[in-house]
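Put chain F on the given structure of chain P with help from the hints.
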Amino acid sequence: MRVLRHFHLRSISRFATSFVAVALVLASVVLTCSQPANALPAFARKYGLRCSACHESWPMLNYFGQKFKDNGYQLMNDRDAPIWQNPSYWPVTFRITPIWHRVSTGKVEVDTYAGGAATGGSAIQRISTSGFDLSGLDFHTGGVLEKNISFYLLPSSDPTGAFHFEQVFGRLDNLWGSSWLNIKLGRFELDNLLSEKRILTLTGNGGIYQTYHFIPVGDGNIFGQIGDNQFGLEYMGHSWDDRTRISASLLSSNDGNVNLSTSANAYTGFFAGSQAFDTGRLGVQRVGFYAMVGEAATYYLTSGGVPLGGSGISNKGFSREGFVGQFYFGQHIDLQVVTQHGSDNAWFGQGYGNAILSDGNGGTTATCSSPTPGCPLNNVPGTALPAGSRAPSWNGVTAEGHYVYSPQLIFIGRFEAERMSQQATPGTASNLGNITTYTIGYRYNPFMTSRAGFAWHNEYNWLHQDGTGPTLGLTSANVNTSEILLGFDFDF
Amino acid sequence: MRIELRKWSLLLGAAAVFALPLPSWAQLTIFDLDTRLGTESHIGNITGHAKDAAAPYRRYCVGCHGPLGDGEGENAAWMEPPLLPKPRNFQLGIFKCRSTPTGTLPTDQDLFDSIARGFDRSSMPQWSTFTKQERADLVAWVKHFSPRWAGEKPGTPITIPPEPEVTPERIKAGRDVFARVQCWKCHGVLGQANGPSAATLTDDLGRPIAAFNFTEGSRPKCGDTDRDIYRIFMTGLDGTPMPSFSDNIKPDEAWDLVFYLRTLMKPNSKEKQMAKQLGLKPVDPNAPAGQQ
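Chains as they are written, first to last, in this note's numbering: chain P, 1 to 492; chain F, 1 to 292.
Extracted from the complex, chain P is given alone in its bound form (with noise of 0.2 angstroms):
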């Protein structure tokens, strides 16, 4: 028995050291087999940097790449003009992510069917799917048409090949000399320190930030998301070493659609500040706010029913402001933190606003004609707001953390809240639409020069919102959704 018991252990033993064993040079291929550890590469071929330089991990930026896009993707030689440049060089690059992914929704009603006929009646049950499929395609192209005038433009399409423009824009930049006079014109993502456009992140909900996008259920202004590419003209002014930042926006409230086609002669300001501070080997830590403040239509006229674009009218007030911090833990963990608070005019709680909508391609499409059955009464000109209608507010906040082992591997973190604090309908539960979601992931780039990049990208998120699912009895149910993600995310 005894002997038993030793062979046993033993065994054990040896299990142990051979799992410990295998672990250890998994994890040391993982973690050190890599070259010396790279993004826009057209960026980085024009400067012969790594793509390191200027990000913490492709695409989000460090320091120094905010630094690079504050100055117009300039490093303030005398490199900067294209002039300089050898004349095959290219400014463009392009990105694609081919990737398996998993979906699972939660309590989706589903019609039943008994004997190969439906029965008329509905089941609640979770749908899962998985498979192959691929991102939209980008083309980057951006940097500087003569020192001190830069640019960027990035055609972008759907998995489908559908192209828009997500990002069109010149600038001027340090204009009589100054790093605090550069002026931007088109259609450009808003001075936030967490850019949503370099989200380190791929899942359908964890690619974008919820706290950037949340509106309340029902709600129908779909004009004051930060997180979307807006057209308008932007005044921005840094210090020369990047410490202090002020940005001061001037939008049109068409969520960035061409064509002045959504709420039309109706504008919105965003205005974002931010102070570094150095704080010796721990790094440099910033502190700022945002705030976005502007006025939309609530209602379109209509032309045989239709809603036509550019005749918004009754515009209505909306609101979002928050703190942003970046805190730097030493040269391997960081934590970045925005937080919101979020209310839009009661007009907009009741629905209003939406009768144009994006087409998700940069066009408009009319979503309601109303009074047309079965479309929400959100487009009549002359109604009264039901009794009692208030403002719906809210509160959200992300927080998203950082473990850079090297700048070729990257382990991420991120928790979102958003908690409605007053619904637009009375009576309503109070907890309807909100939003609880994390995503961790990692990405490891295996190489890393000043050519191409490429990483291998692992990504699992699960979000919670409640109420928002089908209605069970009396009360709406709570929905979650998973995704698990895995693929190549690569440019060049």
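FYI, nobody ran anything at the bench for these hints, they're computed from the structure. Beta carbons are placed, not taken as given, at the ideal position from N, Cα and C, and that holds for glycine. Be careful, since some hints might not be right.
Unchecked claim - For the chain P half of the interface with chain F, some residues (derived, Cβ under 8 angstroms), not all of them:
#1 Tyr47
#2 Gly48
#3 Asp278
#4 Arg281
#5 Arg419
Just chain F, lined up with the frame of chain P:
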């Protein structure tokens, strides 16, 4: 006889086999560098530690300067001097921008300033976003590549006398110095880097190198204040054909030269206006000594 021949062949063969690794022994390896991780730098009251700069060096610098600091990062191959100079080889311990006499090591402060200032006409940007501590650590890291710091101390910074008042006479005197020490041979009579020697210039490693063009508006490599320019020609740019003129130019003359060089440089300056009022002509390379 045949046995004798075979014996010699064997001996030669063995010697060749053992001699093969010799060239690699002569090269610095990562293991050699590990023994120097205790290298420190001292900037004011900040102490930089080489061991703390490994990660930032890998993130920001290694692409050009290479893992061994030999200037052979993967980007080096794309840099073609003289238009784009090759990255610095830190192993040699030779630096252009110093406050110390020619041939000596720079001070830690010199390296610290160079990192934040960057170098125009090269791929080295201004790394001004680092904290002071991070820069001090990187200075220590740069030092750990060269054995020179183990056996030598940095030179004593040169003394720069207070800057005198600019006068038309001083500008004219500066032009005489420009002619006397033959700056024009490399920099050209108008400072356009087109002197008779310009096309033949090479650095200490035999690579083509361009003389500084005063007229195109880029910053002098080692800083653009008057004191910086004074320092450049009194310390020289080690590793390049630009010598130190500390033995040929008196401090007062050096200031005269600074004022004259300002008349050649792009931003409008009082020196430039004075030169215009004087109707100052460029140096004449063929004029007899002292008769400009």
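Do the hints match the structure? See the list:
| no. | hint | verdict |
| --- | --- | --- |
| 1 | Tyr47 | holds, 6 angstroms |
| 2 | Gly48 | holds, 4 angstroms |
| 3 | Asp278 | holds, 4 angstroms |
| 4 | Arg281 | holds, 5 angstroms |
| 5 | Arg419 | violated, 36 angstroms |
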